[in-house]
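J.: Residue strings, one per chain:
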Amino acid sequence: MGLIDKRLAEIGIVLPKPAQPVATYVPWVKTGNLVYISGQGAVKDGKIEYIGKVGDTLSLEDAIASARLTGINIISHLRDACGGDLDRVKRVVKLLGLVNCTPTFGDHPKVINGASDLMVEVFGDKGRHARSAVGAPSLPFGLSVEVEAIVEIE
Amino acid sequence: MGLIDKRLAEIGIVLPKPAQPVATYVPWVKTGNLVYISGQGAVKDGKIEYIGKVGDTLSLEDAIASARLTGINIISHLRDACGGDLDRVKRVVKLLGLVNCTPTFGDHPKVINGASDLMVEVFGDKGRHARSAVGAPSLPFGLSVEVEAIVEIE
Amino acid sequence: MGLIDKRLAEIGIVLPKPAQPVATYVPWVKTGNLVYISGQGAVKDGKIEYIGKVGDTLSLEDAIASARLTGINIISHLRDACGGDLDRVKRVVKLLGLVNCTPTFGDHPKVINGASDLMVEVFGDKGRHARSAVGAPSLPFGLSVEVEAIVEIE
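Protein chains in written order, with the numbering used here: chain A, 30 to 183; chain B, 30 to 183; chain C, 30 to 183.
Hints are computed from structural coordinates only; laboratory data are not their basis.
Hints are not guaranteed to be accurate.
Which copy is meant is left open, so a pair is good if it fits within one copy or across any two.
Heads up, simulated EDC-like pairs for lysine to aspartate or glutamate below, C-alpha to C-alpha not over 16 Å straight-line [unchecked claim]:
#1 Lys59 / Glu181
#2 Lys35 / Asp85
#3 Lys59 / Asp154
#4 Lys46 / Glu183
#5 Lys76 / Glu150
Using the sequences and the hints, build the whole thing.
T.: So, in structure tokens, the structure goes:
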């Protein structure tokens, strides 16, 4: 059991089996030392959680929880990309987080913090990343949050 | 004639002369083995095709065709970045696809499949990429789809 | 005083002290020779300038100025990533520019040119980058423009 696996257990996170994409792409691609992880959402046991538009049909709290669950799914794919050993993660390089929200919403950073905080909680300083948090008028299947990631591994 | 050129001919795709950007940027930049290709749209013979908003003024079928034509323009720039030899493509690493759509639209993956399927059709397993598909309230000049790409070449 | 510092002085740009993120992420991450800079906005002296939605409450001219100020903040973080020496910049690789705008807006390229033109003004041919310019229904705190960057340094 690796250090990151222990950390996940400590904070009570059980990584799901990585979900397969709904189209002709793949969950991640490794090039050099960088892993590019496809845009993820708050899917749990094959079902989308926290569907809705922030500022309209979904609360800020639920949106943050949506981003956290999205982050868990990112880590699930990342573990797969690491051949099962998350201790190979050298640095979470960048997240791009999109929030399904209204034209007057302004708290995108708070929402995407649900994923960002998780990265630091799990990977410590290696989890500190560059980031953009922006709005989208709609996301696939009504997802409230979509996050893609670039991670450097050893 | 390279293997990929033969494949393009087989599936009836004639790559256009790469279009020049409408601003002070360039169509692609190569750094290390990675080529970053600027956001493309469904432009043909200097004219934008499939203008409109999916879920409102444009059908799903036209949006998929828009994404496919956008993918052809990406490959056109990629060929230029490869010095004309598309056999140098090692892996399509990542696509980011934006769909000009309404706040209630949810089929972004189906739309962007127009570009993703093309990559696999042309490059086979080397065309399998990480991807995000998201919504945008509007895109330049009324484009229905915009896709940017990162490709590893030899 | 480096060449780029001289160039900045010539065109009258004083780089601000890099602003700290409003969340649990960092302004930039370096991996290999690439610096990933977090999404920036038109912040000056800790205050957001040019708040609003282009095509509605903000003019095109103000949006372009917003993108230029955003570009200055990107260069400010980039200088930090270069250990203070902007002459280490080898190539601005890519910008992703998001415009807070209405569903009928179409001049995203003109807006993001505010940042793109600045890169070429400051870094010359090394400032020529790949780029995507797209719309967003809303951005953090009412920002009119958000731009993230990837830069190759020596």
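J.: With reference to the structure, classify each hint as holding or not holding.
T.: A quick look at each hint next to the structure:
In this homomeric assembly, lysine 59 and glutamate 181 come within 16 Å of each other (Cα to Cα) both inside a single copy, at 9 Å, and across copies, at 10 Å. In the homo-oligomer, the alpha carbons of lysine 35 and aspartate 85 never lie at most 16 Å apart, since the shortest distance is 38 Å inside one protomer and 49 Å across protomers. Proximity of lysine 59 and aspartate 154 under a CA criterion of 16 Å is satisfied inter-copy only: 14 Å between copies versus 22 Å inside one chain copy. Taking identical chains as interchangeable, the C-alpha atoms of lysine 46 and glutamate 183 are never at most 16 Å apart, the minima being 22 Å within one chain and 33 Å between chains.
Taking the closest pair of Cα atoms, lysine 76 and glutamate 150 never come within 16 Å of each other, the shortest separation being 25 Å inside a single copy and 30 Å across copies.
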